[in-house]
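Number of protein chains: 2
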Amino acid sequence: MPEYKAPVRDMRFLAEDVLDMQAHYQTLPNGEEATPDLVDAIISEGAKFAENVLAPLNRSGDEEGCHWLDGEVITPKGFKAAYQQYVAGGWQSLSHPPEYGGQGLPMSLGVMISEMAGTANWSWGMYPGLTLGAMNTLFLHGTEAQKQTWLMRMTSGEWSGTMCLTEPQCGTDLGQVKTRAIPNGDETYSLSGTKIFISAGEHDLTENIVHIVLARLPDAPEGTRGISLFIVPKFKVNPDGSLGERNGVSCGSLEHKMGIKASATCVMNFDEAEGYLIGPENKGLQCMFTFMNTARIGTGIQGLASAELAYQGALPYARERLSMRSLSGTKQPDNVADSLIVHPDVRRMLLTMKAFAEGGRAMLYDAAKLADRMITAETESERNRLDDELGMLTPILKGFLTEAGLESANLGVQVYGGHGYIREHGMEQIIRDARISTLYEGTTGIQSLDLLGRKVLLSKGKDLNRLAGQILKYCKSVLTDDSVPRLKVLPFVGKVSALTLRWQYLSYRLAFRAARNRDAVGSASVDYLMFSGYVVMAYYWLQMLVAAQRKLMEATSEVAFYKAKVQTAEFYFSRILPRAETHAKTMLACPRTLTRMKEESFAFL
Amino acid sequence: MPEYKAPVRDMRFLAEDVLDMQAHYQTLPNGEEATPDLVDAIISEGAKFAENVLAPLNRSGDEEGCHWLDGEVITPKGFKAAYQQYVAGGWQSLSHPPEYGGQGLPMSLGVMISEMAGTANWSWGMYPGLTLGAMNTLFLHGTEAQKQTWLMRMTSGEWSGTMCLTEPQCGTDLGQVKTRAIPNGDETYSLSGTKIFISAGEHDLTENIVHIVLARLPDAPEGTRGISLFIVPKFKVNPDGSLGERNGVSCGSLEHKMGIKASATCVMNFDEAEGYLIGPENKGLQCMFTFMNTARIGTGIQGLASAELAYQGALPYARERLSMRSLSGTKQPDNVADSLIVHPDVRRMLLTMKAFAEGGRAMLYDAAKLADRMITAETESERNRLDDELGMLTPILKGFLTEAGLESANLGVQVYGGHGYIREHGMEQIIRDARISTLYEGTTGIQSLDLLGRKVLLSKGKDLNRLAGQILKYCKSVLTDDSVPRLKVLPFVGKVSALTLRWQYLSYRLAFRAARNRDAVGSASVDYLMFSGYVVMAYYWLQMLVAAQRKLMEATSEVAFYKAKVQTAEFYFSRILPRAETHAKTMLACPRTLTRMKEESFAFL
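So the protein lines, in turn, are chains F and R. Numbering of the first sequence is given in the UniProt record's numbering, commencing with residue 1 and proceeding in unit increments. Numbering of the second sequence is given in the UniProt record's numbering, commencing with residue 1 and proceeding in unit increments.
Hint data in this document are derived by calculation from the structure and do not stem from the laboratory. Hints are supplied without guarantee of correctness; some may be wrong.
The list cannot tell twin chains apart, which means a pair is met if one copy fits it or any two copies do.
As the list claims (entries may be wrong) - No more than 25 Å apart at the CA atoms, straight line, and that leaves these computed lysine to any residue pairs for SDA-like:
1. K585 to L501
2. K585 to N465
3. K283 to D186
4. K488 to S242
5. K495 to L588
6. K563 to L605
7. K77 to E63
8. K495 to P29
9. K331 to N517
10. K585 to P491
11. K598 to L552
12. K563 to A589
13. K5 to C170
14. K331 to R454
15. K585 to A498
16. K585 to D387
17. K598 to D17
18. K488 to L588
19. K495 to E167
20. K495 to R423
21. K236 to G252
22. K77 to N208
23. K236 to D204
24. K563 to D186
25. K488 to A468
26. K585 to L506
27. K147 to T480
28. K283 to R423
29. K585 to E407
Kindly generate the complete structure, drawing on both the sequences and the hints.
The structure is reproduced here in structure tokens:
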């Protein structure tokens, strides 16, 4: 069974040797407080909380699940106490501004905490995670009064938040939203409708729940242009801030799911519930995007979490379980058999999980730097530029990393053989929990359309070319960097450069095709997304390889650690990156191989 | 929710247009009874049973699971009645010889029945499936008296069978088996030990259970050379055939598993249980191989079943669920949105499942022809040759098709989006049930070592070259076949020929490497297995393409059906087969990228 240990050494490697987080913090208006000592203390306290409080509740939470009784939801044993400890530790307020009760630390530090909490116990992490999304939405789009009323109490952790988008007839296609909001003549609205798949929609962790809800005003335009965003609290709030009467929103039932069973997934019924408009009328979807982008990067963290936990579960088993002899000769003559880890194919599986976890971590931490800068940007144009940069990466982080996480979760079970299928080992739970990650917050298909259709083609390659330019510039810089053993990194620099140029070339090819046939986008998009993911991860593995080679050249005292980084990088380049080749080829297959089959010809039963 | 319909039209296509099963039956000593009318009747009755009796119990069986009480196991509601109906229908005895109560029909017909039953309800199918394996073992290795006592009652379905190999300390590495068998001085032995993961080890479907058990005689050599095979019944049998006293074997508990919850997975405790030796002393493992090969091909069927059921579940949802508009213009103006199936990426997922299901079916049915011929072979050398031919295919059928099935199961959920994660839709169950298929009966890693290490390298490529020769000969024959529109198949013939030659080339490369470094085998094996799978499936898709083009040239009345075959074949070649490229590249990566990392360097926590 996986016993989570926060990968603090690896986090420190990224922060110090690869991404230079201290230098980054110092460029931020709110960064001066993030001193090395404080950051270390935060990470080590976060690690303790994740390891000692959250991890032990992961399997029990899965076995027990959430229970619904007359509209109330009971979370599994220990969840509430853990939540109270989390709030008392000030974790919920870490990255929000002091004027709203936060500690004003960089968002990127929050990502590290989210990673540790989420790897230890993804289901539990959903509750503060959704609250964070609601906080971000209110922070960016709420009025000052709304922030005082609602945001402050979420920052403090007293209240939690949700994101109410999906309805029975639509998830992806939010233009079909039917929930109605009728103005009451004062500042309030009366909301009626049904929302489904509402994570943390009802639970016993907090005294109030702040729902952020998409709904239509009367006479709103059809489709996505007629959707507005509302605050709908579980309990109304009196002018003095105390809780008033129960609002007209209630949990009709819980979904029975494959995994994340300790996360309450609710059907929420709005029956003339009192709500308050956030942002301008009919601009709800734009406002909600804030929420969705947070959630998408958060879901990318789930990909990393799945890979890390699967690896941490599989590694000790591979070391301890004795099976067969190494084909190249007995390795452990004193045992009845050699341990699994001597077998190359078991190592292939372990290293795949390891490479995805460490590569994903680097991608996410670097993206979090962009988010830090975007939040604190001083000009609108600077903010927009950073938003575009992050927007280019978001579908890759969400789409690619969750696919890699799901693959890793499956490999974790595979290392265990038949024992992986047994619940008590805790490995199959990782698959069940990970399985949602390629579905919610936009499926992999939706991420791929966002990437290729919107981010690449619609911007005429602007954001792609900026990212590609950055990668090529980095490659060039390595070649003239005397602190790096050039011959040892040269082949990898070459691979990353070549693939980056190919990425641009493939994008142009697809742009030409799409100009003639719009179906060329959807025919290529998932292969394009996966290709992009492998290339971007290669860029980060190159950076890690270079950083590790630099340390080895400096005669570090931690030779084993840095050698392992080099070896993992080389594994990634030789055994994972070749997959990009297939995606490159497949994305160029004729769209008609997908589109020409008649709908009625899909089956003759 | 998937509502299983047996794909009878597709089965008929294979039987009539591709594999010419009638001509095949007529070459078998036991084939004359398999007249077209009888075969049709059997398939249509099997389809009805699978659709009407087994399919409705699939989800309820998953929800209810098996229950253990004081050593007894209760199967889910309806399972026993279905089993009785199955036995009454004579299905258990279909392919066994009349002298042991069977109907003497070809084994390949049994595979079709197993496919339908297993797709409808894999958990239920495990009970007769394990019995079939026990029957095959007894038929090949039992004495005449043993066959009269034990085989006859399994053929009739009165009793069921199991396969007791795995112990807590070993699954794959059966040389570690510890269960002891002490001779009692008469023809009986006294067996003691613990077996785990015993499917159908205890249940309420039959009055007796015949366990086939691996155990060690006193003073047996260590390792795999000291293992013998025994019959251990749940109830002893009196000389008159009536049931005697309870034997010393009992079910200690049931495993809690990720899926196939309605299949009882038992811990079996043998406590001086009375047993009878099958086959020669210390040759148990060789005898057990009969069982394992049946089981491996049976598990290959699970890959097909997962792909088929996922497809059948996803297709109606893709047709009905309305989401977004087609990028190439509105397709269904009367609906609020277009249905999922208009989107190319959804079609990619559907066609992937379809191509795997139909391709897998062709591979399995053709392999079943080999099994038919092997069972009825008239000379030892003929039997051995066919055994080798089938042995080359077995790890591909098991290893590759189960991986394809698992991928398909995941795609089925993916088509549903978030709804796929909800239990009531029945799609996530397909993943949970399919997940075992790459683990039991030898993991994918073990299959890959069997393929590359044993079947290819140990035989110096004999069986590979025979298969490659057969494929190339077929390719050549197509080029001179006037009943086929040559230009329409030429590119595909070219691809299959080229990949087959590449397969041989890669095998030689790996053979040279392995001669220097045995770890080269395990470093390449899974990629080699997957490459082999894609190539072999391409060979079958070529045969289906050719057969369909022939029918189209003959001006068939079923143009839509045959066109869909052609289009699915072209999809396979353009969008699935390119994956072989990555596997070809990756299998040649240096083994040291896997082997050189020190065991202690895998983590620095």
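Hints, one by one, checked against the model:
Proximity of K585 to L501 under the C-alpha cut-off of 25 Å is found in both arrangements, the shortest distances being 15 Å within a copy and 21 Å between copies. Taking CA atoms no more than 25 Å apart as the test, K585 paired with N465 passes inside one copy only; the shortest distance there is 21 Å, against 29 Å between copies. Proximity of K283 and D186 under a CA criterion of 25 Å is satisfied intra-copy only: 20 Å inside one chain copy versus 87 Å between copies. Within a single copy, K488 and S242 get their C-alpha atoms no closer than 64 Å, and across copies no closer than 76 Å, so neither meets the 25 Å cut-off.
Taking identical chains as interchangeable, the C-alpha atoms of K495 and L588 lie at most 25 Å apart whether they share a chain (21 Å) or sit on different chains (17 Å). For the identical chains of this complex, K563 and L605 are inter-copy neighbours only, at 15 Å across copies versus 57 Å inside a copy, given an alpha-carbon limit of 25 Å. With identical chains, the CA atoms of K77 and E63 are at most 25 Å apart both within one copy (11 Å) and between copies (24 Å). When the C-alpha separation of K495 and P29 is checked against a cutoff of 25 Å, the pair qualifies neither within a copy, at 37 Å, nor between copies, at 60 Å.
Taking the shortest alpha-carbon separations for K331 and N517, only the inter-copy value of 15 Å comes in at or below 25 Å, while the best intra-copy value is 58 Å. In the homo-oligomer, the alpha carbons of K585 and P491 lie at most 25 Å apart both inside one protomer (23 Å) and across protomers (17 Å), since each shortest distance falls under that limit. For the identical chains of this complex, K598 and L552 are inter-copy neighbours only, at 17 Å across copies versus 60 Å inside a copy, given an alpha-carbon limit of 25 Å. In this assembly of identical chains, the alpha carbons of K563 and A589 lie at most 25 Å apart only when taken from different copies (19 Å versus 40 Å within one copy).
With identical chains, the CA atoms of K5 and C170 are never at most 25 Å apart, being 39 Å at best within one copy and 28 Å at best between copies. In the homo-oligomer, the alpha carbons of K331 and R454 lie at most 25 Å apart only across protomers (21 Å), although the nearest pairing inside one protomer, at 54 Å, exceeds that limit. Proximity of K585 and A498 under a CA criterion of 25 Å is satisfied in both settings, with 16 Å inside one chain copy and 17 Å between copies. Taking CA atoms no more than 25 Å apart as the test, K585 paired with D387 passes in neither setting, with 31 Å inside one copy and 38 Å between copies.
Proximity of K598 to D17 under the C-alpha cut-off of 25 Å is restricted to the inter-copy arrangement: shortest distance 22 Å between copies versus 55 Å within a copy. When the C-alpha separation of K488 and L588 is checked against a cutoff of 25 Å, the pair qualifies only between copies, where the shortest distance is 21 Å, while the shortest distance within a copy is 34 Å. Taking the closest pair of Cα atoms, K495 and E167 never come within 25 Å of each other, the shortest separation being 45 Å inside a single copy and 47 Å across copies. Within a single copy, K495 and R423 get their C-alpha atoms no closer than 42 Å, and across copies no closer than 44 Å, so neither meets the 25 Å cut-off.
Proximity of K236 and G252 under a CA criterion of 25 Å is satisfied intra-copy only: 19 Å inside one chain copy versus 55 Å between copies. For the identical chains of this complex, K77 and N208 are intra-copy neighbours only, at 20 Å inside a copy versus 43 Å across copies, given an alpha-carbon limit of 25 Å. When the C-alpha separation of K236 and D204 is checked against a cutoff of 25 Å, the pair qualifies only within one copy, where the shortest distance is 17 Å, while the shortest distance between copies is 56 Å. For the identical chains of this complex, K563 and D186 are neighbours neither inside a copy (66 Å) nor across copies (63 Å), given an alpha-carbon limit of 25 Å.
Taking CA atoms no more than 25 Å apart as the test, K488 paired with A468 passes inside one copy only; the shortest distance there is 23 Å, against 41 Å between copies. In the homo-oligomer, the alpha carbons of K585 and L506 lie at most 25 Å apart both inside one protomer (10 Å) and across protomers (21 Å), since each shortest distance falls under that limit. Proximity of K147 and T480 under a CA criterion of 25 Å is satisfied in neither setting, with 50 Å inside one chain copy and 78 Å between copies. Taking the shortest Cα distances, K283 and R423 never come within 25 Å of each other, neither inside one copy (46 Å) nor across copies (35 Å).
For a Cα distance limit of 25 Å, the shortest separation of K585 from E407 qualifies both inside one copy, at 21 Å, and across copies, at 20 Å.
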